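Since the structure of chain P is already known, use the hints to place chain L with the ligands on it.
Chains P and L supply the protein sequences, listed in that same order.
Using the working numbering, you'd call the opening residue of the first sequence number 1 and step up by one each time.
Using the working numbering, you'd call the opening residue of the second sequence number 1 and step up by one each time.
Think of the hints as simulated: they come from the structure by calculation, not from any bench.
Here the structure is a predicted model, which is why all the values come from computation and not from measurement.
Think of the CB as a built atom: it goes at the ideal place given N, C-alpha and C, for glycine as much as any other residue.
Treat the hints with caution; some may be incorrect.
[Unchecked claim] For the chain L half of the interface with chain P, some residues (derived, Cβ under 10 Å), not all of them:
id	residue
1	Gln222
2	Ser225
3	Tyr228
4	Glu230
5	Leu235
6	Gly236
7	Ala237
8	Gly238
9	Thr242
10	Val246
11	Leu252
[Unchecked claim] Here are the simulated DMTMM-like cross-link-like pairs (lysine to aspartate or glutamate), alpha carbons at most 20 Å apart as the crow flies:
id	chain 1	residue 1	chain 2	residue 2
12	P	Lys247	P	Glu297
13	P	Lys328	P	Asp209
14	P	Lys74	L	Asp227
15	P	Lys260	P	Glu245
16	P	Lys167	P	Asp178
17	P	Lys328	P	Glu305
18	L	Lys163	P	Asp14
19	P	Lys74	L	Glu230
20	P	Lys27	P	Asp14
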Amino acid sequence: MTELEIDSLVKRFDDVIAVGGVSLTVKAGSLVALLGPSGCGKTTTLRMIAGLEQPTAGDIRFNGESVLPLQPEKRNIGMVFQRYVLFPHMNVAGNVGFGLRMRRLPKAEIAERVREVLEIVQLDGFERRFPSQLSGGQQQRVAIARTVITNPRVMLMDEPLSNLDAKLREEMRAFITDLQKRLQITTLFVTHDQVEAIELADQIGVMFDGNLVQFGTPEEIFNRPRTSRIADFMGATNLIVGTLERKGDGESVLTTSVQKLRVGHAPPHPVGSEVVATVRPEHIDLFPAAAGGDCAENCFSAAIEEAVYYGGTVSYQVRSGDFSLQIKDRSTRRFARGEGVIVRLNPENLWVFPEVGGEREAV
Amino acid sequence: MSRRRHPLPWAIGSLALFVLLAASLLTGRLALAAALAGLGGVVAILAVTLFRRHQGGPQRLSPFQRFYLWFVGIAVLGPFIPLVIASFAFRWNWPDLLPSVWWWTARTTARTPRGWDYVFSPISRVLESTANTVIIALIVTLVCIVVSLPAARVIARENFRGKSLIEFFLLTPLIVPEIAVGLGILITFIQIGLAGSYLGIVIVHLIPTIPYMVRVLTSVFQGLSRDYEEQAQVLGAGPLRTLWHVTLPMILPGILAGGLFAFLVSSNIFLLTFFIGRGRIETLPTLLFSEVSGGRLDPEGAGIALIVTIPGIILLIMTERFIKEEVFAKGFGG
Ligand SMILES: Nc1ncnc2c1ncn2[C@@H]1O[C@H](COP(=O)(O)OP(=O)(O)OP(=O)(O)O)[C@@H](O)[C@H]1O
Ligand SMILES: [Mg+2]
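Isolated chain P, as found in the complex:
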């Protein structure tokens, strides 16, 4: 097994800095997701690891040994592109066996291995089909079979699921996790979908504008985002501006334009500083206005501005004074537009970041 180590990697295209000094380690046999918005340099990072792009600075090491002097064909890497790029003039067996043919293995052995791998991706019997005769999901599985057959030291996947429909994507996600755990291939997986990253990865690296802004387990990134921008990207789309009023043992109080809010942790910034609290739409509780008496803290009344039903959940937009909050409610209760409600923000689900320019840093 191979440990992949990226060390202060920089890539500059003329005057564009696509990757600005990224360092991260993918432990042997683990799956790391590189998560970030479009244009943040994810693909460029993968291409440098594959050797398809020459880094401007920095180093890439497999088990401590730099691979920069090696041409792409010598690095023994598997790469799955967003478009599956199956060779259209070869059938499934030809595509899957390509890497082994390039390694000049005997024909019989190639045929044997192709059959084994096709069985793993549940495509046995498809050897003679051509790529144009396969569905999107089948093509993607052929593409994956084609890369794992060579037993690559590192597997790179660039948004391999973004061309598939929602249901298939879920199936393929499970399939990839499963396969990766079984074959124990060190994998770097690029995506801009936070759900995908959380579900697949052992660890997540979040990238903005060519920089790695946070690296940690999915749980860490999801629950303890380092900046409000990461929180926002991870789906905590509600931002509440306020002033830090009091700080105590494991809790603090925030003054906002609507009311005081208790927060379930104590941020390190001084009392009186301007801060931003974030909360995920699915972490906000909603009650009918009549039940208001039961609610003791962090409650305020608000009006429903918009209600959209998505099978299973209802997405509300509520407003109270300056606050406009997005709420995802999984209960069977329905509120109509214009109806008055009580909103409760659980102190444990509020997370506070200082206001530092546009970027709000925590800790």
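Frame of chain P, contents of chain L with the ligands only:
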């Protein structure tokens, strides 16, 4: 070529061609007639391609479309009828509709070979010229492909300073008159001893063929995403094996289309071959020219004119089976 183009301009074009053909045949300009017939062939192929794409599936043609197809057929094949008759004639005088004396009547009495006997006898040099034409065209096509592939790839994929200038220079052979280029080259080639040699002819044939080939292959490369080659590389294929196993098979239709045109262009070049060949190397165009330059429609000339069209026709039939229409559309889409 735009996806939908009205057939009317083509109809008018073929009509004009037809009138010119009839006129040139009546005035006995055989060479002109043969050239126009070739042009008609190209029009016909384009028209058929066009119609197939218009339709998409079997369906009833409108009366206009049917008329048009018949019209193109007649415009293309019509001029060959007098040519065929002339090749079997011994005496065919104005204003007789058919020859007064046929070749097979005369062949027993004439002292020298006549008509097709002449065409196939060694003194006509038809076989030798055919071999020369085909061999030269094949070599030119191969060299042209080898030279144009890397050039087209770079033009299609990379952006560099002076790229548009290079593209312009690649087109200049199509703009500058052959005779101007030919004279200059002849003088140089005489000095360095390339005049009258096969090598010299191959080199000058590359001048008009490379621009076509580079143009066709550039658009082919523009349609081929880099991803395929990169995937091959990552899977362990070095540059040469990537070229052989992935790039070449994927652009084969484009190479065939370009090769077909290079072959046809090379086997039709008269002036440059005539200059550089210096009479020592005879190809079908130069042979036909020396045969008919007097402007008479004699049976021997008619026979050779028919022979000249054969390599092109065989090649067209062969490649038509391999080349998808899109490649033509792509290559000349501009
Ligand atoms: N060959 C190139 N030449 C110039 N700029 C480039 C090149 N490749 C990428 N870039 C720039 O580098 C930046 C990062 O690109 P990259 O493709 O790595 O983004 P990404 O994170 O993969 O985005 P996406 O999610 O949209 O695929 C972008 O601003 C892009 O415009
Ligand atoms: Mg990308």
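Exercise. Do the alpha carbons of Lys74(P) and Glu230(L) lie within 20 Å of each other, as the hint requires?
Worked result: Holds, because 13 Å separates the two Cα atoms, which is no more than 20 Å.
Exercise. Any CB of chain P closer than 10 Å to the CB of Gly236(L)?
Worked result: For Gly236(L), the interface hint holds, since the closest Cβ of chain P sits about 4 Å away, which is under 10 Å.
Exercise. Do the numbers back the hint for Tyr228(L), that is, is its least Cβ distance to chain P under 10 Å?
Worked result: Check passed: Cβ of Tyr228(L) comes within 6 Å of chain P, closer than 10 Å.
Problem set entry | When the least beta-carbon distance from Val246(L) to chain P is tested against 10 Å, hint result | holds (6 Å)
Exercise. Quick one, are Lys167(P) and Asp178(P) close enough, alpha carbons at most 20 Å?
Worked result: Measuring from Cα to Cα gives roughly 17 Å; hence the hint holds.
Problem set entry | Proposed proximity, Glu305(P) with Lys328(P) (alpha carbon, max 20 Å) | holds (14 Å)
Exercise. Does the CB of Gly238(L) sit less than 10 Å away from some CB of chain P?
Worked result: With Cβ-Cβ at 5 Å, under 10 Å, it holds.
Problem set entry | Restraint check for Lys163(L) with Asp14(P), where alpha carbons must lie at most 20 Å apart | Within the cut-off at roughly 18 Å; holds.
Exercise. If you draw a straight line from the CA of Lys27(P) to the CA of Asp14(P), is it 20 Å or shorter?
Worked result: Distance of about 33 Å is beyond 20 Å: violated.
Problem set entry | Pairwise hint evaluation, Glu297(P) against Lys247(P), where the allowed Cα distance is 20 Å at most | Holds. Lys247(P) to Glu297(P) sits at ~17 Å (cutoff 20 Å).
For this session: Measure nothing beyond the straight line between the CA atoms of Lys74(P) and Asp227(L); if it is 20 Å or shorter, mark the hint as holding.
Result: Cα-Cα ~18 Å, so holds.
For this session: Verify the interface restraint on Leu252(L): the C-beta must sit less than 10 Å from at least one C-beta of chain P.
Result: holds (8 Å)
Against the hints set out earlier in the document, violations occur for numbers 1, 13, 20.
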